[in-house]
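As they're listed, the protein sequences go chains B and L.
With the UniProt record's numbering as the guide, the letters of the first sequence map in order to residues 1 to 462.
With the UniProt record's numbering as the guide, the letters of the second sequence map in order to residues 1 to 248.
Because the hints were derived from the structure by calculation, they are not lab data.
One or more of the hints may lead you astray.
Derived BS3-like pairs (lysine-lysine); straight-line CA-CA distance at most 27 Å [said to hold, decoys possible]:
(1) L/K61 to L/K2
(2) B/K376 to L/K86
(3) L/K28 to L/K119
(4) L/K56 to B/K376
(5) L/K232 to B/K440
(6) B/K458 to L/K2
(7) L/K86 to B/K389
Derived DEER-like restraints, expressed as beta-carbon distance ranges [stated by the list, open to error]:
(8) L/R154 to B/P152: 37 to 43 Å
(9) B/L186 to L/G163: 47 to 53 Å
(10) B/P270 to L/G38: 56 to 62 Å
(11) L/G163 to B/R383: 36 to 42 Å
(12) L/E169 to B/L426: 37 to 43 Å
(13) B/L411 to L/G167: 42 to 48 Å
(14) B/E52 to L/E169: 54 to 60 Å
(15) L/D114 to B/N83: 53 to 59 Å
(16) B/W29 to L/E100: 49 to 55 Å
(17) B/T273 to L/D114: 43 to 49 Å
(18) L/G163 to B/N251: 47 to 53 Å
(19) B/L426 to L/G68: 40 to 46 Å
(20) B/R279 to L/E100: 57 to 63 Å
Using N, Cα and C, we set each Cβ at its ideal position, and we do this for glycine too.
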Amino acid sequence: MSELYTASGSKVHAHKADIFCRDETRVDWHSKALWALREKRDRAAGSLPEWEQLRLLGSQLKLHTLSHLAQYLEQFEQQCLSNGIKVHWANDAQQHNEIVHGILAKHKVKKLVKSKSMLTEECHMNPYLERHGIEVVDTDLGERIIQLANMPPSHIVVPAIHMKKEEVGELFHQQLGTKAGESDPLYLTRAARAHLREKFLTADAAMTGVNMAIADQGAIVVCTNEGNADMGANLPKLQLHSMGIDKVVPNMDSVGVLLRTLARNATGQPITTYSSFYRGPQEGGEMHVIIVDNGRTEMMKDKILAESLKCIRCGGCLNTCPVYRRSGGYSYNYTIPGPIGIAVGAKHDDTNSIPWACTLCGSCTYVCPTMVPLDKIIAHHRRLKADAKRLPYGKGGYMPLVGRFMASETLMNTSMSAARLALRVLPGSLLKPFSGAWGKYRELPVAPESSFASWYNKNRSR
Amino acid sequence: MKIALFIPCLVNQMMPEVAIATLTLLEKLGHEVIFPAGQTCCGQPMTNSGCFDEAKNTTLKLLNAFKGVDCDAIVCPAASCLVAAKENFHEFDGSQEAQEVISKLYELTEFLHDIAPIKTFSRPVAAKISMQMSCHGIRMLNLATPTEQMGKQRFNKVEAVLGNIAGLEIVYPARIDECCGFGGTFAVDEGAVSAKMGKDKAQAHAATGAKYVVGFDPSCLLHLDGMIRRQKLPIATRHIAQIINDAL
Chain B
1 MSELYTASGS
11 KVHAHKADIF
21 CRDETRVDWH
31 SKALWALREK
41 RDRAAGSLPE
51 WEQLRLLGSQ
61 LKLHTLSHLA
71 QYLEQFEQQC
81 LSNGIKVHWA
91 NDAQQHNEIV
101 HGILAKHKVK
111 KLVKSKSMLT
121 EECHMNPYLE
131 RHGIEVVDTD
141 LGERIIQLAN
151 MPPSHIVVPA
161 IHMKKEEVGE
171 LFHQQLGTKA
181 GESDPLYLTR
191 AARAHLREKF
201 LTADAAMTGV
211 NMAIADQGAI
221 VVCTNEGNAD
231 MGANLPKLQL
241 HSMGIDKVVP
251 NMDSVGVLLR
261 TLARNATGQP
271 ITTYSSFYRG
281 PQEGGEMHVI
291 IVDNGRTEMM
301 KDKILAESLK
311 CIRCGGCLNT
321 CPVYRRSGGY
331 SYNYTIPGPI
341 GIAVGAKHDD
351 TNSIPWACTL
361 CGSCTYVCPT
371 MVPLDKIIAH
381 HRRLKADAKR
391 LPYGKGGYMP
401 LVGRFMASET
411 LMNTSMSAAR
421 LALRVLPGSL
431 LKPFSGAWGK
441 YRELPVAPES
451 SFASWYNKNR
461 SR
Chain L
1 MKIALFIPCL
11 VNQMMPEVAI
21 ATLTLLEKLG
31 HEVIFPAGQT
41 CCGQPMTNSG
51 CFDEAKNTTL
61 KLLNAFKGVD
71 CDAIVCPAAS
81 CLVAAKENFH
91 EFDGSQEAQE
101 VISKLYELTE
111 FLHDIAPIKT
121 FSRPVAAKIS
131 MQMSCHGIRM
141 LNLATPTEQM
151 GKQRFNKVEA
161 VLGNIAGLEI
171 VYPARIDECC
181 GFGGTFAVDE
191 GAVSAKMGKD
201 KAQAHAATGA
211 KYVVGFDPSC
221 LLHLDGMIRR
231 QKLPIATRHI
241 AQIINDAL
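If we strip away everything but chain B, and leave its shape as in the complex, we get (with noise of 0.2 Å):
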């Protein structure tokens, strides 16, 4: 088993989805949670007739701007300063958040309302701003949850999807208070709602991610279906905004465009609840847009690799995934899990397995909703990998001999007759053990007697 972890205690991919597949019940349950979201998403994305338009526009205006970036940060920032909001540039998750403590002791704050934000867990802001003694408090449902369960989100969009109702009720009873035994989703959304009632009324300053970044007007786009964003952008005086240097559109078309695809394909919504607008601090307010780098540049340097900040994350690849609706949000060892987590996550990946927890079935890429070529961006982390001589799973040793074995008839020829002979006359559970994780799971094939090539050479050759 020693191969199966790295040198700072990290799992390689197979490994911890193996443990997630020894309760089968539960991925039966997590498998069927997230393919009903795929559904959703094939009747709302199916009720237009638009879809593969929607799809190829929001294809070719990310492309537009990740290819005129600069230019369309600079309008974005332009805009900003005009409309009174306060621009910071961070090149990676350490300086945003030295740039966010600082905001937030300038104005003495204790308590941080938070919603929204892959970016502020991809920068593992959360435990850096509690170190310096602020509370940071989730306000999406999903989100405090598993903050109150003491885990990073196991999907995108619905964070919280691995739990159950009635885990969720016993992790209500130990930290809300809440009933014993109750696991009605009702009476669990209620008692969540006034604890973060509460919380939002005494916060010091609100925060959020964003959607979407309007260049020629100097706004963002956040996207909420409970409303928190607003709770907390719009009770204290203070709000911040954290947004990768991806997330700016030129103009409120693509808004347009984007916010037709992105809820229908996030959970077959028509669109999100709330899709609120902030373009300006509220009067006597402060309004701080911080714009993120933390690798993204870096990307963009490969072709193939920058295709994928296209990404507006909606989450569908995760729902389509089969491989990760079977093995979970937590065993691809970055933030972000699923074909997009492997995408933007492989190069921090020390296992360097999650390219493989894949099986490259392309679906991914066909559901998400600005083209992403997910299923060749992780052939090529794959590439990538064997190119930097970084293969999982013993790759590395054995490849080369299947390169030379492949290649010559010979070898194959005579080593193909032998293994057909054994499958045919030793019996199966003799051969089980050598036949790995194949014989593990499945019978073995029936072998035929010959190959095709011997059975051509005495029927066919003249």
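Let chain B serve as the given structure and place chain L on it in line with the hints.
Chain L only, in chain B's frame:
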């Protein structure tokens, strides 16, 4: 037409009946069929793992087997091997000669739909079959519109090819084109997830009440066969070439 068979290693070594059915059905349709010597593997096990250096010799060996061969089409009864061969040939050899080989490559269903459609079937095949819509054929070779894709112009070449066989009833499993979990080395590297995907797929096929799971990708069928027999499900696998051959 004069057709050269591209028989991938898995079919040659482990499923010769699929190659024999392919050869026989093409002959019954009046084509002249040859089997150029020197074929081993398309290089997919290596390129799929990112190991392009290790794939080079194997890929070029296969390509060389077809270079200069006098034929109108090169037909392969395995979708994912066909896709890999196309991509790998292109990757390792940019010559005109290689391009000529690439332009003649067809997966069997694709060939029977796009190039040389079957006019009439002479024998009924009285069976209910559950179609295995394998990923590479659907999403990379466009054998059918994938379920993720929207829009009016939907097509299904597999059903179009089999549709005129008398007595044949075509059904589909739930989650019709979800991956079966084979995925090449994925089946051994990610054993637990691969097996769970295969188990779910095998059960979905069995739940249709069909006699056979029929597919165009032998590797998926081999994996499903292993899962079906392990779970003792009342269904068996057949390759599309075998069904067509029975109907001619």
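Taking the hints in turn, this is what the structure says about them:
1. L/K61 to L/K2: holds (22 Å)
2. B/K376 to L/K86: holds (15 Å)
3. L/K28 to L/K119: holds (12 Å)
4. L/K56 to B/K376: Answer holds: L/K56 to B/K376 is near 19 Å, not above 27 Å.
5. L/K232 to B/K440: Between L/K232 and B/K440 the Cα gap is close to 15 Å, so the pair holds against 27 Å.
6. B/K458 to L/K2: holds (21 Å)
7. L/K86 to B/K389: Holds, at about 26 Å.
8. L/R154 to B/P152: 37 to 43 Å: holds (40 Å)
9. B/L186 to L/G163: 47 to 53 Å: holds (50 Å)
10. B/P270 to L/G38: 56 to 62 Å: holds (57 Å)
11. L/G163 to B/R383: 36 to 42 Å: Cβ of L/G163 to Cβ of B/R383: about 40 Å, so the range 36 to 42 Å holds.
12. L/E169 to B/L426: 37 to 43 Å: holds (39 Å)
13. B/L411 to L/G167: 42 to 48 Å: holds (45 Å)
14. B/E52 to L/E169: 54 to 60 Å: violated (32 Å)
15. L/D114 to B/N83: 53 to 59 Å: holds (57 Å)
16. B/W29 to L/E100: 49 to 55 Å: holds (53 Å)
17. B/T273 to L/D114: 43 to 49 Å: holds (47 Å)
18. L/G163 to B/N251: 47 to 53 Å: holds (49 Å)
19. B/L426 to L/G68: 40 to 46 Å: holds (43 Å)
20. B/R279 to L/E100: 57 to 63 Å: holds (59 Å)
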